[in-house]
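Kindly generate the complete structure, drawing on both the sequences and the hints.
So you can see what is in the structure, the chains are spelled out below.
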Amino acid sequence: MNFNYTIAMLLIALGFYCLLVKRNLIKLIIGLSVMTDGIHLFLISMGYRTGGIAPIVTSELSSNLSNFASRAVDPLPQALVLTSIVINICILALALSLSIYAYRHYGTLDPYKLRRLRE
Amino acid sequence: MIPHAPILAIVLPLFAAFLMPLVGLLSKRYNAAKACDWFAIAAMIGTILLVADMAPTVWGGHILTYKLGGWSPPWGINLAIDGLSIQMALMIAGLGTLVIIYSAGYMQRDTRKDLFYALTLLAITGMMGIVLTGDIFNFYVFLEIMSVSSYALIAFRRDSNAIEAGIKYLFIGSLGTSLILMSVAMLYSFVGSLNIADLGAKLATYREGAQPVPAILIASLALFVTGVMIKVAMVPFHAWLADAFTAAPTTISALLAGPGAVVGIYWVARLPYLPFGLPVGIILISLGLLSMVVGVLMALTQHDFKRMLAYHVISQKGYMVLGIGLGTLGSVLGAQGGLFHLLNHSTYKCMLFMCAGAVLFRTGSQKFDELGGLGKNMPVTALTFLIGALAISGIPPLNGFVSKYIIYLGGVEAGLPIVTAIAVLVSALTFASFFKAFSSVFLGQRSERLRETQEAPKLMLFPMLMMAVICVAIGLLPALGFNIVGPAQSAAENSARYISQVIGGI
Amino acid sequence: MVGWIWDPVVATAAILLGLIAAYGLLRIGHKIAKPRPTVEKMKTYACGEDLKPEETHPDSEQFFSPIRRVFRPFYRYIQPAHMGVLSTYLLWVVVGFIIILVIILLTVR
Amino acid sequence: MAGMTVIVRTISRLLFPFIFLFGVYVVFHGHLTPGGGFPGGVIIAASVVTLILAYGIERAQERVSFLSSEVLDVIGSAAIAIIGLLGILLGTFFLQNVFPLGGLGQLFSGGNFLPLYLGVGVKVAGGILLIFYAMLFALWSEKE
Numbered sequence: 001m002n003f004n005y006t007i008a009m010l011l012i013a014l015g016f017y018c019l020l021v022k023r024n025l026i027k028l029i030i031g032l033s034v035m036t037d038g039i040h041l042f043l044i045s046m047g048y049r050t051g052g053i054a055p056i057v058t059s060e061l062s063s064n065l066s067n068f069a070s071r072a073v074d075p076l077p078q079a080l081v082l083t084s085i086v087i088n089i090c091i092l093a094l095a096l097s098l099s100i101y102a103y104r105h106y107g108t109l110d111p112y113k114l115r116r117l118r119e
Numbered sequence: 001m002i003p004h005a006p007i008l009a010i011v012l013p014l015f016a017a018f019l020m021p022l023v024g025l026l027s028k029r030y031n032a033a034k035a036c037d038w039f040a041i042a043a044m045i046g047t048i049l050l051v052a053d054m055a056p057t058v059w060g061g062h063i064l065t066y067k068l069g070g071w072s073p074p075w076g077i078n079l080a081i082d083g084l085s086i087q088m089a090l091m092i093a094g095l096g097t098l099v100i101i102y103s104a105g106y107m108q109r110d111t112r113k114d115l116f117y118a119l120t121l122l123a124i125t126g127m128m129g130i131v132l133t134g135d136i137f138n139f140y141v142f143l144e145i146m147s148v149s150s151y152a153l154i155a156f157r158r159d160s161n162a163i164e165a166g167i168k169y170l171f172i173g174s175l176g177t178s179l180i181l182m183s184v185a186m187l188y189s190f191v192g193s194l195n196i197a198d199l200g201a202k203l204a205t206y207r208e209g210a211q212p213v214p215a216i217l218i219a220s221l222a223l224f225v226t227g228v229m230i231k232v233a234m235v236p237f238h239a240w241l242a243d244a245f246t247a248a249p250t251t252i253s254a255l256l257a258g259p260g261a262v263v264g265i266y267w268v269a270r271l272p273y274l275p276f277g278l279p280v281g282i283i284l285i286s287l288g289l290l291s292m293v294v295g296v297l298m299a300l301t302q303h304d305f306k307r308m309l310a311y312h313v314i315s316q317k318g319y320m321v322l323g324i325g326l327g328t329l330g331s332v333l334g335a336q337g338g339l340f341h342l343l344n345h346s347t348y349k350c351m352l353f354m355c356a357g358a359v360l361f362r363t364g365s366q367k368f369d370e371l372g373g374l375g376k377n378m379p380v381t382a383l384t385f386l387i388g389a390l391a392i393s394g395i396p397p398l399n400g401f402v403s404k405y406i407i408y409l410g411g412v413e414a415g416l417p418i419v420t421a422i423a424v425l426v427s428a429l430t431f432a433s434f435f436k437a438f439s440s441v442f443l444g445q446r447s448e449r450l451r452e453t454q455e456a457p458k459l460m461l462f463p464m465l466m467m468a469v470i471c472v473a474i475g476l477l478p479a480l481g482f483n484i485v486g487p488a489q490s491a492a493e494n495s496a497r498y499i500s501q502v503i504g505g506i
Numbered sequence: 001m002v003g004w005i006w007d008p009v010v011a012t013a014a015i016l017l018g019l020i021a022a023y024g025l026l027r028i029g030h031k032i033a034k035p036r037p038t039v040e041k042m043k044t045y046a047c048g049e050d051l052k053p054e055e056t057h058p059d060s061e062q063f064f065s066p067i068r069r070v071f072r073p074f075y076r077y078i079q080p081a082h083m084g085v086l087s088t089y090l091l092w093v094v095v096g097f098i099i100i101l102v103i104i105l106l107t108v109r
Numbered sequence: 001m002a003g004m005t006v007i008v009r010t011i012s013r014l015l016f017p018f019i020f021l022f023g024v025y026v027v028f029h030g031h032l033t034p035g036g037g038f039p040g041g042v043i044i045a046a047s048v049v050t051l052i053l054a055y056g057i058e059r060a061q062e063r064v065s066f067l068s069s070e071v072l073d074v075i076g077s078a079a080i081a082i083i084g085l086l087g088i089l090l091g092t093f094f095l096q097n098v099f100p101l102g103g104l105g106q107l108f109s110g111g112n113f114l115p116l117y118l119g120v121g122v123k124v125a126g127g128i129l130l131i132f133y134a135m136l137f138a139l140w141s142e143k144e
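Residue numbers (our numbering), protein chains in the order written: chain A, 1 to 119; chain B, 1 to 506; chain C, 1 to 109; chain D, 1 to 144.
Because the hints were derived from the structure by calculation, they are not lab data. Treat the hints with care, since some could be wrong.
One side of the interface only, derived from the structure: several residues of chain D facing chain A at Cβ under 10 Å [stated by the list, open to error]:
1) T10
2) G105
3) L139
Label-pair ranges, simulated between beta-carbon atoms [what the hints assert, rightly or not]:
4) G56(D) / V21(A): 38 to 44 Å
5) R451(B) / L20(A): 48 to 54 Å
6) S72(B) / T58(A): 24 to 30 Å
7) V57(A) / T107(C): 25 to 31 Å
8) S160(B) / R59(D): 52 to 58 Å
9) V21(A) / A33(B): 35 to 41 Å
Here a beta-carbon is modelled for each residue, glycine too, at the ideal position from N, C-alpha and C.
Here you go:
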């Protein structure tokens, strides 16, 4: 299980690195989504239990609900991650659209050159 | 009380926003150009009626709990409305209505007004949801609703500055919301609950110092504080605010400076007590002092009208965070002053941005060096700007003085007179920079180009005058504001009552 | 509730009285000194040239140069740091987060 | 945008009904199997996006225009609103179930999940198409 958390933290760190260092808006967007994906992985692995089953009630499981409850993984993080993915799609779409317009106005995607507003 | 008022206050602007494209299509077909304006104004008036309807019950000592889908609190999502929430909700609904009325005048030359109103109403929905919800993940969702629609609104006019400001706010803001999501995830992994009252009840052992605080809770608190501070724009995180407020359409600057400031300060006021309850007073005081000083010093040398106002937003938010921080050190006056300053600041900063917008609307310029002598052409705008400028600098008969004075007293009460001294100095510097703004824009020689400038349209003057009246009224009768702020402060402090009423209630 | 902190009616009356007193002093001073500004004194004198209204406008950046001199370290180091570069701002966020984390580690428990 | 070669066109025309149907399946079985309104809506939108990419925007717009995707968006959200408000109208809480529960594992079961997922699916399909069109127009106006 610690493997999951390690990968999640690695993804978050990679995303942070990409946000801080890269000099291209598209790469910054990629960094942002990698970071949020790391958080999603963290959330998902939090609800997992070793050898768990999907939290879907079927007819053979419904007769023994306590057995089901002791084996099923936590469904709440999955719902949270789905919500968060939806939100991140909106942010991604907006960021890409803004990048298109930024390229049109400035002729570049370098964040070091998008600096008409300063001081 | 109207039944289901808590959820309707969120649902009404939300579905008004979703229906707005349809209204836009219909208005195009039937040539009713003003249909979108009136639909948005009607939705906002409905919202303010719903919120005002809830207020007496909450001030009577109840905490309204609304179970979404009928699931009771620790399991389902619930809305919990105490005195603090109702102050914020009243401010969002009231100022939001005035901003929408103003934008009916200000945006009359723009196309795609249906999209503009849809996004504005969505932003207001997000703000309303943040202050009314009792679930921490729901808070994150509403925060994202507000943030994404404000990113889009800042870049609404799609000129180069707006796009650049939108991109900067998008990256910094979504970094902040990601930190909040991370914090919520850690909190869930540690406690196993998302309900704020339930979290508060389960973390109470660490609050009382019975057990040492585990590392994951400290990391979660640090992430949450950082995320909230990015939205409040305290100093190391303030960079997006000046750009965004400069380049956005002025109604959006007013919306984010008035109601938008509310949501951040709401969480700053909530944070020391719920859900963590760990001491954050020193962070709040130091960040508040830093932002006050840096904001006002940056504002002193600006050439741009709206940019100067934006740096003053940072500086004045510093006052509020400072006051709330003093409140955690045991000074009730400090916390009341912080919340009162939020009420006053949102009113007059909205008004000042609207004055800047009126000047921009009539002259097409927001640079100090291109304006001048407009006092003769725009007397009403000049008068409202003067009232706002005197209020923000803390000149006695106006509302800004009352709240600043209480924060000064709070500083002395908490045993930190040096804080009071810095706050007074910052207030003086604020007066200096507004003196410059007033003399550059409304006094002095008028250039040839501005000779024919007219007064702003009546639809824009009405909200400005309303806010000026509120400023003077609260200044002369501070009890009006205290009746709202007093219950808010006591509700924020009394976390045990919140927990018992939400978990055990209804 | 707030009566002991701040009574706005008394203060407003005091301010109005002060304003009236100041106006009276101004009138008395005018009566004693009898200022009669001539046309030349009313105009801005700049070596005999006529100045356009735009040129007499105060420069917004140098408006408070004494204050700039007092806070010189700020205007030399902190203000130029607002370069408008997104990556710098993101770096500030990370640095601020680390500072907050350190303060919380020091104060909590 | 002109569209692609005849191979791509034929394949995407053949695949379009299957992808679309799969999206509808995911929407309808959201309360029984993994999936639901959002994934299903995205798959439906993706099926239209393949057509747009293969045939070019002019011909795709004859089928699903910008305006109709906007209308789809509004219809979906209105459906969610009505289902939510039904709970209030029938005297319980917002979004509370008012539909019959049905049996375990049947298609028409789970109370208000199925109508909610239908609304979400329509809304998401319209919304994703709107996003796609908006970005396409942004690029398109750049070339001219």
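Of the hints stated earlier, which fail here? 1, 7, 8 and 9
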